[in-house]
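Top line first, the protein sequences correspond to chains A and B.
Following the numbering used here, the numbering of the first sequence begins with 1 at its first residue and continues without gaps.
Following the numbering used here, the numbering of the second sequence begins with 1 at its first residue and continues without gaps.
Among the clues, some could well be false.
[Said to hold, decoys possible] Dumping the calculated DSSO-like pairs for lysine-lysine here, alpha-carbon to alpha-carbon at most 27 Å:
#1 B/Lys151 - A/Lys234
#2 A/Lys45 - B/Lys77
#3 B/Lys151 - A/Lys43
#4 A/Lys43 - B/Lys194
#5 B/Lys151 - A/Lys211
[What the hints assert, rightly or not] Here are the computed distance ranges between Cβ atoms for each label pair:
#6 A/Ala72 - B/Ser264: 49 to 59 Å
#7 B/Met1 - A/Pro126: 45 to 55 Å
#8 B/Ile11 - A/Asp124: 46 to 56 Å
#9 A/Pro93 - B/Gly214: 29 to 39 Å
#10 B/Leu60 - A/Asp153: 58 to 68 Å
#11 B/Val87 - A/Pro53: 47 to 57 Å
#12 A/Pro126 - B/Leu60: 41 to 51 Å
#13 A/Pro62 - B/Thr216: 25 to 35 Å
#14 A/Gln95 - B/Pro28: 35 to 45 Å
#15 A/Glu163 - B/Leu99: 50 to 60 Å
#16 B/Ala111 - A/Ala72: 51 to 61 Å
#17 A/Lys43 - B/Ile21: 36 to 46 Å
#18 A/Lys57 - B/Thr146: 29 to 39 Å
Hints were generated in silico from the structure; no laboratory data involved.
By construction, the Cβ of each residue, glycine as well, lies at the ideal position given by its N, Cα and C atoms.
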Amino acid sequence: MRTKYISVLAMVVLAGSALVVAATPPADSSIEGKITYTGTPPKMKPIDMAKEPVCAKQHNPPEDAQNVVTGAGNSLEYVVVYISAGDPGGAPPSQAVKYDQKGCMYIPHVLAMQAGQPLQVLNDDPVAHNIHPLPKSNPEWNKSQPPGTAPIDTKWDKPEFIEVKCNIHPWMHGYFAVLKTSHYAISDANGAFSLKGLPAGKYTVTAWQEKYGTQSQDVTIGAGETKQINFVFKVTPYLY
Amino acid sequence: MGRLFAVVLTIITIISAALVIMHVWWMPVDISTVGPRIDSQLDETMWATGILFIVSQLLLGYFVFTSGENKEKRAVKYFPGGATPLVLFAIALVGAEILVLSFVGSRVWAAVYMSPADPGSLQVDLAAEQFAFYFRYAGPDGQFGTIHPDKVQDGNGNYFGLDPENDVAARDDIIVGTLTIPVNRPVLLTMHSKDMIHSFYVPELRIQQDIVPGLTIPLHFTATQTGKYEIVCTQLCGLGHYSMRAFLEVVSQDQFDQWLKSQSGD
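For reference, chain B alone in the conformation it holds in the complex (with noise of 0.2 Å):
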């Protein structure tokens, strides 16, 4: 029995690994400037941590295979002070190999989520609430409507909380379903949680931020091939959760001056 299970998980060992290997379920095409080192910086930690697992595992299945069914052999004779030592010098390897991963990681983190946007950003507010994102556009006056917290309904539309009879600002605002965006500009999202925590995920972008209630969140990108993306959210957030998602479309410039003066014509 001891036998069978040490050979089961080898099998599982290689299958998964082979998966891994040969990019089978990877991640979609990378329309992002910040892609390469987001996923460069994905398979450094898939080939650190993908090492480890394949040498525990055969290792494990090894000592299971040759031991399992042995009393005598599963003692721990060759390590200095045995199990307890052993075990504790497990949890310092694998606990550095985290925490090199971490530092690592967070510089390529934060040159993403960190950085200040581009001053010539494009700029888009995004609302989330219970189950939708909602963007809005300054429209031709390139003023934003000051928001107003007490103002927001979705019964009438209001879904930023304005209030374009004394805020000549918001009168012209834009507010749409989908994320329109010309392709090759950095985009500057400010984000904002109507009723509690969203999370904004392109994975094509290779961005993804939560949104939390109370707090104005920045988020900037810049994506570098036209087409139509999923934004879905990636926070439980409710018995609609599976349908909150809206579309990027990713535009020439000419493309999206249009539509902007097309949906500010009314």
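Chain A on its own, in the form it takes in the complex (with noise of 0.2 Å):
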């Protein structure tokens, strides 16, 4: 009498965490891959600091601009890739992103974030700075941070690109990638993407460079698996 309880217990403990298990599928599934270019990309210029001696005396050649930045085997830096459909999305990490001011750059050039993560700009300049992002759906804002001065805190509601620059050096530039998703990537100097911990499912996934666009593919991807998948950009000789 007493094993057969116990049985039953067990098998309805097993039944149970099934339910759980397919409630909750493993996250263990991931897309991967490159972004690369066709055509003749724009000859990225030096940065020309000279009216900021501390600034330029940091970059030693100085550093090109970074609207288009292309490496080895035509692939394309600072691109960023991401879930656009399919994912539910979730509630943003509390942990801020960070968005430095170095060397009169923005640093990375691209920044990603989810949509209400708190985000952290810094001045590590010996000079002032006025950073200004440049939003269409979120409120604008522009704030000036002389050296020393603590962090701003801040975050951004609504998805969208933002574009930024600062109201005191023309040459700084770069972007806030504000997503729904909280699975991103930006593609890195040899142009490779990684998204990870993805549950099997069907998705859309995007990739977004700021003077080309974005492009987006399906992918269907079963549970534990790894899919390749690449972007290819057409690129045009001229920035602007």
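Put the two chains together into one complex; each comes in its own frame, and the hints tell you how they fit.
Spelled out as structure tokens, the structure:
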């Protein structure tokens, strides 16, 4: 009698845990690949920081502009790759992403974050900056940060790509990629990206480049699977 | 108290006059062909206004010392008609002096700013914006690309609004943040402002000119000494005004040719 109870109980527990597993499938699939271009990309010019010698000194030789950054094998850097459909999204992480002003440049050039996620803007320069993001859906602002001032703590509530400029240094230029999903990546110096920790399912993956716009692909991945997808941007030789 | 005030007034007058006469805090070295004319005009103005300043301050001190505390003595007794005509006379005297200085000074000013540029001038374009100066050279083809104000954009470095895709002349234009010029060669600067009023001032060149948005403003000068000098904005133009500056590099013709070649290399 007693053993019968135990076996029934065990069966209930097993069935229950199976149900739990079915409700939240393991997030062990990934999508990875490479961003490349066809055509002749524009030649990036060195950034002239002559008016701010403190910053100019930090870049020898001068850093090139970062609008279109190419690498070996026709790769493209600073392309944001993210799940644009198929991911129900979730609460944004409470950990802040950091955007640094250093050597009169924005580091990183493109910073991705989830909508609602805390964002911290730092000034690591001995000169003042005035960061001025140019959003279209979120409220616009600009803030001065003299050297040694506390970081600016803020966040963006609506997803969009936000161009960032400095009101004091015209050459400073970057982007905030504010996304609905928590699954995103930015292509590295080799054009590689990887979206890890995805549950099996059907997704739309979008790649965004600041000059050449967006491209999307539908992808279906099974449990534990790693799927390769690539994006190819058509580039033109003139930046403007 | 009145006498103490008179003494302090006299001391301030003597010290400030001495500072000017001894050229403490004077203009920096002159590196411009127009410099001697500007400087002699400045000297003339300082002498004319300075003498009047010293005389009037010392007289004021004298009267305050002798009559300051005596109501009886303070009344105007000797000038015909009393106080009102005396004040009017003083205004007319100072007005006449300023008028004469303006007429004399405007001749020098016009010679610098209203005269035509040398036809063989090196042509450089200037774009001023909050808070930087950018300079443009024509490049190897000797032609400037056309400016399209709607294409001006900081984000991609298109400070002059060029359209290299459709405008062949714009493709080799050289855009830099430092004004490099050869020594002893006339330079014609064509200046534009993107946003608001700025000013181009190089104290050593004795040249200062406002840059007004919507206007194309020519400015010409010839530098006579090599060296590195500061170009500053002298119109309060916003929160970054204090940092709005660039540098002027005056180099030999050979160095200039080399520099130009290295810039058009890429």
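Here is how each hint holds up against the structure:
no. : hint                           : result
1   : B/Lys151 - A/Lys234            : holds, 22 Å
2   : A/Lys45 - B/Lys77              : violated, 78 Å
3   : B/Lys151 - A/Lys43             : holds, 19 Å
4   : A/Lys43 - B/Lys194             : holds, 25 Å
5   : B/Lys151 - A/Lys211            : holds, 15 Å
6   : A/Ala72 - B/Ser264: 49 to 59 Å : violated, 27 Å
7   : B/Met1 - A/Pro126: 45 to 55 Å  : holds, 51 Å
8   : B/Ile11 - A/Asp124: 46 to 56 Å : holds, 51 Å
9   : A/Pro93 - B/Gly214: 29 to 39 Å : violated, 49 Å
10  : B/Leu60 - A/Asp153: 58 to 68 Å : holds, 59 Å
11  : B/Val87 - A/Pro53: 47 to 57 Å  : holds, 54 Å
12  : A/Pro126 - B/Leu60: 41 to 51 Å : holds, 49 Å
13  : A/Pro62 - B/Thr216: 25 to 35 Å : holds, 30 Å
14  : A/Gln95 - B/Pro28: 35 to 45 Å  : violated, 54 Å
15  : A/Glu163 - B/Leu99: 50 to 60 Å : holds, 54 Å
16  : B/Ala111 - A/Ala72: 51 to 61 Å : holds, 60 Å
17  : A/Lys43 - B/Ile21: 36 to 46 Å  : violated, 58 Å
18  : A/Lys57 - B/Thr146: 29 to 39 Å : holds, 36 Å
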